[in-house]
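Visitor: Okay, here's what each chain looks like letter by letter:
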Amino acid sequence: MRHPEPDRAWTAKLEQAFEQLPYEPPSAERAQQIRTALLTTVRDQPVRRTPRALPFLAAAAAIAAVAFLLPRPEPPFERGRIVDEDGASFVHAAGGRTQPEIVRLKDGTLRLRVQKLAEGERFIVETDDAEVEVRGTMFTVTAKHGALERVGVSEGRVEVRSRGRPPILVGAGESWHPRRPPAVVRLESPPPKAAPKPKAKPKKRAQVVLHPKPTPTTPEPAEERAFRDAWSAFARGDMSIAADLFQEAERGELAEDARYGRALALQRAGRLIEAQAEMERYLALHPHGRRTPEVAVALGWILLKAGDLESARQRFEQGRASKNERVRHAAERGLRELDARAPSP
Amino acid sequence: MITKIVPFRQIEGRAEEMSDEALVGACAFSDRAALAALFDRHHLRVHRFLFRMGVDRHEIEDLLQETFAGVWTSAHRYHQQAPALTWIFGIAANLARNHARSRERRNHALQALGDLPREPIERADDAAEKRELLQQLQAELTRLPHDRRVALVMCDLEGVSGNDAARALGVRPGTIWRWLHQARKSLRAALEEEPR
Numbered sequence: 116m117r118h119p120e121p122d123r124a125w126t127a128k129l130e131q132a133f134e135q136l137p138y139e140p141p142s143a144e145r146a147q148q149i150r151t152a153l154l155t156t157v158r159d160q161p162v163r164r165t166p167r168a169l170p171f172l173a174a175a176a177a178i179a180a181v182a183f184l185l186p187r188p189e190p191p192f193e194r195g196r197i198v199d200e201d202g203a204s205f206v207h208a209a210g211g212r213t214q215p216e217i218v219r220l221k222d223g224t225l226r227l228r229v230q231k232l233a234e235g236e237r238f239i240v241e242t243d244d245a246e247v248e249v250r251g252t253m254f255t256v257t258a259k260h261g262a263l264e265r266v267g268v269s270e271g272r273v274e275v276r277s278r279g280r281p282p283i284l285v286g287a288g289e290s291w292h293p294r295r296p297p298a299v300v301r302l303e304s305p306p307p308k309a310a311p312k313p314k315a316k317p318k319k320r321a322q323v324v325l326h327p328k329p330t331p332t333t334p335e336p337a338e339e340r341a342f343r344d345a346w347s348a349f350a351r352g353d354m355s356i357a358a359d360l361f362q363e364a365e366r367g368e369l370a371e372d373a374r375y376g377r378a379l380a381l382q383r384a385g386r387l388i389e390a391q392a393e394m395e396r397y398l399a400l401h402p403h404g405r406r407t408p409e410v411a412v413a414l415g416w417i418l419l420k421a422g423d424l425e426s427a428r429q430r431f432e433q434g435r436a437s438k439n440e441r442v443r444h445a446a447e448r449g450l451r452e453l454d455a456r457a458p459s460p
Numbered sequence: 003m004i005t006k007i008v009p010f011r012q013i014e015g016r017a018e019e020m021s022d023e024a025l026v027g028a029c030a031f032s033d034r035a036a037l038a039a040l041f042d043r044h045h046l047r048v049h050r051f052l053f054r055m056g057v058d059r060h061e062i063e064d065l066l067q068e069t070f071a072g073v074w075t076s077a078h079r080y081h082q083q084a085p086a087l088t089w090i091f092g093i094a095a096n097l098a099r100n101h102a103r104s105r106e107r108r109n110h111a112l113q114a115l116g117d118l119p120r121e122p123i124e125r126a127d128d129a130a131e132k133r134e135l136l137q138q139l140q141a142e143l144t145r146l147p148h149d150r151r152v153a154l155v156m157c158d159l160e161g162v163s164g165n166d167a168a169r170a171l172g173v174r175p176g177t178i179w180r181w182l183h184q185a186r187k188s189l190r191a192a193l194e195e196e197p198r
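Line order of the protein sequences matches chains U and C. Per the numbering used here, the first sequence runs over residues 116 to 460. Per the numbering used here, the second sequence runs over residues 3 to 198.
Derived by calculation from the structure, the hints in this document are not laboratory data.
In silico SDA-like pairs for lysine to any residue, Cα to Cα no more than 20 angstroms straight-line:
hint : chain 1 : residue 1 : chain 2 : residue 2
1    : C       : K187      : U       : A132
2    : U       : K128      : C       : T144
3    : U       : K221      : U       : T257
4    : C       : K187      : C       : T177
5    : C       : K187      : U       : R123
6    : U       : K128      : C       : D158
7    : U       : K420      : C       : N96
8    : U       : K420      : C       : E106
9    : U       : K128      : C       : E160
10   : U       : K420      : C       : H101
11   : C       : K187      : U       : A127
12   : U       : K438      : U       : R428
13   : U       : K420      : C       : R99
14   : U       : K128      : C       : L139
15   : U       : K128      : C       : E142
16   : U       : K438      : U       : R158
17   : C       : K187      : U       : A124
18   : U       : K221      : C       : R79
19   : C       : K187      : U       : T126
20   : U       : K128      : C       : A141
21   : U       : K128      : C       : R54
22   : U       : K420      : C       : A102
23   : C       : K187      : U       : W125
24   : U       : K420      : C       : N100
25   : U       : K259      : U       : V198
26   : U       : K128      : C       : S188
27   : U       : K221      : C       : H81
28   : U       : K259      : U       : D199
29   : U       : K128      : C       : R190
30   : U       : K221      : C       : H78
31   : U       : K128      : C       : K187
32   : U       : K128      : C       : E134
33   : U       : K128      : C       : L159
Work out the full structure: start from the sequences and follow the hints.
Guide: Laid out in structure tokens, this is it:
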């Protein structure tokens, strides 16, 4: 059965009729205001997590689409100039003051030239299994099916951090390959009594942070690995897997954030009863936590949907106390929705 | 699991050079520049779409922002099932429907209090016939159920194909055609009726 196309006379009449309606498009200035508000709002739905004392996990979870709150505004920067050598599949996200500039490479080869980084700025190329952090260089990176295949450096130095291997510095004229011993400097802790390396101090550049002061024998704590893997799963949309991994990560300094991540993943997975339980647990354990107002609002919406209006109202009121405008706005919307549903006397 | 590769930024690519579909794909990787580019390209059309969907003019801007915020949060679920703009219209249509329901509930509540808000009718001094026709059109549009209105606005006014509209709205093509036929029938009667 074909789509019944309208005759042109009808469409013209309809368009003419709609043109008569009192429509006013937004002015350019107003559109700009909406645009700014939009970008501010989504910025406050952080897509990557920067744990407090574990900044290297921030790089691993850099391009994860999650609803977190970033506490401070970050002016974006782009220091990388990227040339696609062979139709590579990749995405490039600008950096901020506490967020590295990220290139996520899936397949193919990129040639990159990275400008001198200012204090606090970082530039990282990520694959599924590794990351390459640069210190003002020209280099190429090749990946295949998400796995890092080769890094070749023309100028400067990069640090290659590959899963299951100690981090490695690759200098100008050198290359790294996963299947042969790299002829490059290997980072150790403490470094051997080497001759002073004037270039080893990037001065104003962001230091490469290795956890915990890397030694080849220091294993990554299980909860940190689980936390990083959880965010990767979240970014892929595997919410149930992410929820399970967050549960594994619920230890030590990561516990609060892992509980939050789990609640969010369960909600996104549509497992609302479990999400509700997780949110209530979070709120009980962290009555003054960093995410408390946001979790309260999220729980409010679940309760509203379930018909528990009184409890929903309490949670929205709790969320309204947030210092974050987006959370307050969401809480107020919830309260308006409740008012709209209030039964008539 | 993503079943289709969405093209990402290419060769020193800038957001302005990317297709809509690639921009949505980039949004899934939290590229705010991509979201900004989508907004710059399409905010006027989405604004007009929301207006045509009957959203109150005081609320359109809020829903416009919410639509693109919805693009951001839903981008990971976009697998090119429909052209990106049509998919965005689908998000806007859902928001408009929820908005209409909230307004209806609010009006019911106010009505119970004897305080039903009235739509202001703007009157001009001339072109009375045109004004009457307009009022008939507005009245008919207001009466049109949401689904039929979506089909009419998307297909007859925004030029979206029936199949794309069906995919964006998550219904069968036959359903879209039925809604379209019913909407046209209702409006044709209003548009072609002689003004009294």
